[in-house]
Amino acid sequence: MNYDYIVVGAGMGGLGAALNLAFNNKKVLVLEKNSLPGGVVTTFKRGRFEFDVALYDLMDYGNDEHVGSLQRLFNKYNLGVEVKPIPYNIRIKSIDDNFDEVIKGEIDDWILRLEELYRGSMSTFRSLLPVLKEIHEALMALKKGRKNLEKDFPNFIKYLDYNAIDALVDLNIPSKTINVLGYLWMEIGSPLKKLNFIDFAECLYKYIFKRPVGLANKNIDLALKMVNRLEELGGKIYYRSLVVEIRDNNDKKEVVLSDGTIYKAKEVICDLSERYVLKNLIKKDYPEAQAKENARTLSMNGLVVYLGLNKSYQDLRLYNYRYYQFQNLNSVTNIKSMKKLSHHTIEAIVPNIINENASPKNTTILVLKTLYLNDAWNGVNKDNYYQIKETLANELIEEFEQAFNIDIKEYIEEIDIATPFTFARYTNSINGCMFGAMRLGYDNSIHRLLSYEDERILHLSFVGGSSLLGSGVDNAFYSGYYITEKLLNERGED
Amino acid sequence: MEAVDKMEKIKKERKDIIASFSKKKPVDTYIDKEVRNMRDLYHTVITDIYEETKDVKTFTLMADKDSSTPHLAPFKAGQYITIHVTIDSMPVTRAYSLSSAPAFANKDIYKITIKRVENGLVSNYMLDQVKVGDKMVVSKPAGEFGYSFIRDEDNVIAIAGGSGITPFMSLANAILDGVYNCNLTVFYSVKTYEDIIFKKEIEEINKKNKNVKFVITLTREEKDGYLHGHFNKEMLESYIKEFNTVLMCGPKELYKAMNEILNDFNIPRKSVHYENFFVQYEPEEKIEYKLKVVMKDKTQEITCNNDETLLVAMERASIKAPSLCRVGECGYCRSILLSGKVKMIGAALKKAEAENDYIHPCVSFPDSDIVLKLDI
Numbered sequence: 000m001n002y003d004y005i006v007v008g009a010g011m012g013g014l015g016a017a018l019n020l021a022f023n024n025k026k027v028l029v030l031e032k033n034s035l036p037g038g039v040v041t042t043f044k045r046g047r048f049e050f051d052v053a054l055y056d057l058m059d060y061g062n063d064e065h066v067g068s069l070q071r072l073f074n075k076y077n078l079g080v081e082v083k084p085i086p087y088n089i090r091i092k093s094i095d096d097n098f099d100e101v102i103k104g105e106i107d108d109w110i111l112r113l114e115e116l117y118r119g120s121m122s123t124f125r126s127l128l129p130v131l132k133e134i135h136e137a138l139m140a141l142k143k144g145r146k147n148l149e150k151d152f153p154n155f156i157k158y159l160d161y162n163a164i165d166a167l168v169d170l171n172i173p174s175k176t177i178n179v180l181g182y183l184w185m186e187i188g189s190p191l192k193k194l195n196f197i198d199f200a201e202c203l204y205k206y207i208f209k210r211p212v213g214l215a216n217k218n219i220d221l222a223l224k225m226v227n228r229l230e231e232l233g234g235k236i237y238y239r240s241l242v243v244e245i246r247d248n249n250d251k252k253e254v255v256l257s258d259g260t261i262y263k264a265k266e267v268i269c270d271l272s273e274r275y276v277l278k279n280l281i282k283k284d285y286p287e288a289q290a291k292e293n294a295r296t297l298s299m300n301g302l303v304v305y306l307g308l309n310k311s312y313q314d315l316r317l318y319n320y321r322y323y324q325f326q327n328l329n330s331v332t333n334i335k336s337m338k339k340l341s342h343h344t345i346e347a348i349v350p351n352i353i354n355e356n357a358s359p360k361n362t363t364i365l366v367l368k369t370l371y372l373n374d375a376w377n378g379v380n381k382d383n384y385y386q387i388k389e390t391l392a393n394e395l396i397e398e399f400e401q402a403f404n405i406d407i408k409e410y411i412e413e414i415d416i417a418t419p420f421t422f423a424r425y426t427n428s429i430n431g432c433m434f435g436a437m438r439l440g441y442d443n444s445i446h447r448l449l450s451y452e453d454e455r456i457l458h459l460s461f462v463g464g465s466s467l468l469g470s471g472v473d474n475a476f477y478s479g480y481y482i483t484e485k486l487l488n489e490r491g492e493d
Numbered sequence: 000m001e002a003v004d005k006m007e008k009i010k011k012e013r014k015d016i017i018a019s020f021s022k023k024k025p026v027d028t029y030i031d032k033e034v035r036n037m038r039d040l041y042h043t044v045i046t047d048i049y050e051e052t053k054d055v056k057t058f059t060l061m062a063d064k065d066s067s068t069p070h071l072a073p074f075k076a077g078q079y080i081t082i083h084v085t086i087d088s089m090p091v092t093r094a095y096s097l098s099s100a101p102a103f104a105n106k107d108i109y110k111i112t113i114k115r116v117e118n119g120l121v122s123n124y125m126l127d128q129v130k131v132g133d134k135m136v137v138s139k140p141a142g143e144f145g146y147s148f149i150r151d152e153d154n155v156i157a158i159a160g161g162s163g164i165t166p167f168m169s170l171a172n173a174i175l176d177g178v179y180n181c182n183l184t185v186f187y188s189v190k191t192y193e194d195i196i197f198k199k200e201i202e203e204i205n206k207k208n209k210n211v212k213f214v215i216t217l218t219r220e221e222k223d224g225y226l227h228g229h230f231n232k233e234m235l236e237s238y239i240k241e242f243n244t245v246l247m248c249g250p251k252e253l254y255k256a257m258n259e260i261l262n263d264f265n266i267p268r269k270s271v272h273y274e275n276f277f278v279q280y281e282p283e284e285k286i287e288y289k290l291k292v293v294m295k296d297k298t299q300e301i302t303c304n305n306d307e308t309l310l311v312a313m314e315r316a317s318i319k320a321p322s323l324c325r326v327g328e329c330g331y332c333r334s335i336l337l338s339g340k341v342k343m344i345g346a347a348l349k350k351a352e353a354e355n356d357y358i359h360p361c362v363s364f365p366d367s368d369i370v371l372k373l374d375i
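These protein sequence lines map, in sequence, to chains A and B. Residue numbers for the first sequence follow numbering that gives the first Met the number 0, so the first one is 0 and each next one is one higher. Residue numbers for the second sequence follow numbering that gives the first Met the number 0, so the first one is 0 and each next one is one higher.
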């Protein structure tokens, strides 16, 4: 069974890669270990509720005016994805800072409010916007392979080696405003002091100019649409196909499944972390790639509590789309508290606010999330697993109730709890990490991009949220496109 | 600095940092290691078979220490495992609630309690053929049924019919072991005194404990110390508090009868939870259809009667179709209906699954010739 390309894993990166290959008439096979596609972009059912696992805000999709790259690709493949705009409607609290604000309305309202809070926010924030735009355009040019960037993009070059804090200070943003903006780091998972400014700026640019959108349907609908299109384009997907080994045989790659079946291709593209593949699937040594993985810092893993509530969000007074409660707005300080299981940074989302079809009439879905760093879960074993998981979930719910003065508990009709073990088991993510390797220091997305050619493994590529561009559906899906474009161009030149 | 120089400098910095790290294979984190040991299937040995009643036996399964799974996964009271057996060279599975305390799983022990079903393929095999020392492959524990201290109230009313008692024996033991801090009253309905499963254990628990109590009614026999007849409002009344959680496990008729009673107590929908017990469907006329199973690299044509599920037909034909809950709930067997019509009884399909022709073969009865896509 010979293919041009085999894609291991039908997450967003894998499907992004497979779609682009099939679109270009390549013979492609996707091997997925689960019985549905999507990776964490999936949906599970409990009683009368359908819960989305991970995807709520689709970044870089944009609107009619500002078309994001994700929308451009979705249109290119004719996926027919329905989306809903997500307005600014976020409540942020910080215990140490005594901070409690709602970001609502348009970006200008928010900037005005920031100005009221911290003088100097408005003018500096306005001068920040063109810098974000310039950096975004520079990144596009870089991805397209343009060389002489210094002429058109001096700010890109200037801030190439700045961390987010230093750059924002350099741009005269008041330090308290920087902290407030920092809630965005939860989408990236790296402390701002170590997050490269280019990475941060790109995220902020997408957030402000190409407002995130929500899916009109559930996560699994998006993944199935991608698969349907892939099959229409001649691509193939096999479910229940756990890959246990990838090896070389003459000029081919062999992909071995758990039942011993072997599929062959010239190129293998893994929608898995490079670390997992080197550690679990490849016997051969790749010293440089292995050193790269050993040098990396793992990102946070987390606990997610999915609640089906038997009242409308209005009745529950859950008026905001997202809620955050930090110990400290300073991400560096806040992240330190994540080393213990007993402490929770709260992130909550109410999908019903933007989508009335999120759950049945007069019910609400509330998803609570908290993050943990490094080896916080190392004391958890099979004897205490259920007890710890439920205790933590209970603490998270109670802390949310207390932080926002909203009663939740008595309205819980359905509950499910996902731990790092759940995510690791379902997606093979290392340590159950939600953001792959942390984007920090020398290993931000921009660094990975610049060194991509030097660090490549022959005929073996990596896509998805753990790869080049970092986590997030936009980055994961785009990485599949980006990497396969490179491969197609090379093959074309052969 | 020139742009090119700056980029080169950044690349070199990265290269130098990476070069200072070990070039050996990356190692597992603690979570990676634990997850490696979590499997879909576990190998066990039957270490004890206890006759509860003349047609009910409890099987003690212990992890097969010489196998690739020397330890069993933990579970929550209320969950089930699916046993894998081969009968007349047919690979078949059945799901049974775990009846043992969750704490036993820490010692790598599961217990399941099986009642003989008239003409039942697996139950008769288990009760008549299986002996101590036999090996048995079982699934990971699964299922959502049970008590959640976050969701549920402190006063728990469990309602069990016949062998529906098994998950509640596990829950009772979990409470006695201190896993949950709640009051549990199990209303247990059986035909006669001789049909009471876990009789000795129940007597002991009733004698020793305040927070866990079993109330037994005999529907076809009158006997001192036992209620008589089906459960009614008066029998339950004194156990109902202001806030209650109701858990039910048994035949559908029991759920229907109990719901009428529960309505009188104004117990909200969110506080009542059911275990799916089994799927029943009787077609008016028996018809044999063709079932074509399109697997990854081969296709097999078999027959399927309209009074059996597609899953049963595949098992009969020795196709190793995946299965777990067998009541349409878990989605483990999900497959794509390429052509034909099925009658699906109670499958918990997601909206997008339904729109994309997914079916759960474990609860799908053919209504025409069928072509099924099943990636195995």
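It is worth saying that the hints were derived from the structure and are not from the lab. None of these values were measured; they are calculated from a predicted model. Mixed in with the good hints there might be a few duds.
Said to hold, decoys possible - Within a straight-line C-alpha distance of at most 27 Å, the following computed BS3-like cross-link-like pairs (lysine-lysine) qualify:
1) K8(B) with K132(A)
2) K8(B) with K192(A)
3) K14(B) with K143(A)
4) K240(B) with K310(A)
5) K11(B) with K110(B)
6) K10(B) with K143(A)
7) K22(B) with K10(B)
8) K157(A) with K139(B)
9) K408(A) with K8(B)
10) K10(B) with K139(B)
11) K485(A) with K263(A)
12) K381(A) with K297(B)
13) K295(B) with K263(A)
14) K360(A) with K350(B)
15) K485(A) with K11(B)
16) K192(A) with K297(B)
17) K297(B) with K265(A)
18) K388(A) with K24(B)
19) K75(A) with K235(A)
20) K8(B) with K150(A)
21) K32(B) with K32(A)
22) K22(B) with K193(A)
23) K283(A) with K22(B)
24) K11(B) with K265(A)
25) K26(A) with K23(B)
26) K24(B) with K32(A)
27) K190(B) with K53(B)
28) K53(B) with K283(A)
29) K142(A) with K75(A)
30) K485(A) with K8(B)
31) K14(B) with K278(A)
32) K295(B) with K252(A)
33) K92(A) with K192(A)
34) K240(B) with K32(A)
35) K485(A) with K14(B)
36) K360(A) with K310(A)
Given the hint that K297(B) pairs with K265(A), does the C-alpha gap stay at or below 27 Å?
-> Distance ~24 Å between K297(B) and K265(A) Cα, so the pair holds.
Do the alpha carbons of K295(B) and K263(A) lie within 27 Å of each other, as the hint requires?
-> holds, 15 Å
Pair hint outcome, K22(B) versus K193(A) [Cα-Cα no greater than 27 Å] | This hinted pair holds, its Cα atoms lying about 24 Å apart.
Is the Cα-Cα distance between K388(A) and K24(B) 27 Å or less?
-> Violated. K388(A) to K24(B) sits at ~31 Å, over the 27 Å cutoff.
Is K24(B) close enough to K32(A), meaning Cα to Cα at most 27 Å?
-> Holds, at about 24 Å.
Hint consistency between K11(B) and K110(B) [alpha-carbon to alpha-carbon, up to 27 Å] | Not OK: K11(B) and K110(B) at ~60 Å, beyond 27 Å, violated.
Take a quick look at whether K53(B) and K283(A) sit within 27 Å of each other, Cα to Cα.
-> Given pair K53(B), K283(A) is violated - Cα atoms ~59 Å apart, limit 27 Å.
CA of K408(A) to CA of K8(B), is that 27 Å or under?
-> violated, 55 Å
Take a quick look at whether K92(A) and K192(A) sit within 27 Å of each other, Cα to Cα.
-> holds, 21 Å
K485(A) paired with K8(B) [C-alpha distance capped at 27 Å] | holds, 24 Å
Can the restraint linking K8(B) and K150(A) be considered satisfied, given a maximum Cα separation of 27 Å?
-> holds, 19 Å
Given the hint that K485(A) pairs with K14(B), does the C-alpha gap stay at or below 27 Å?
-> holds, 22 Å
Consistency with the previously given hints fails for numbers 5, 8, 9, 10, 12, 16, 18, 24, 25, 28 and 34, ordered from lowest to highest.
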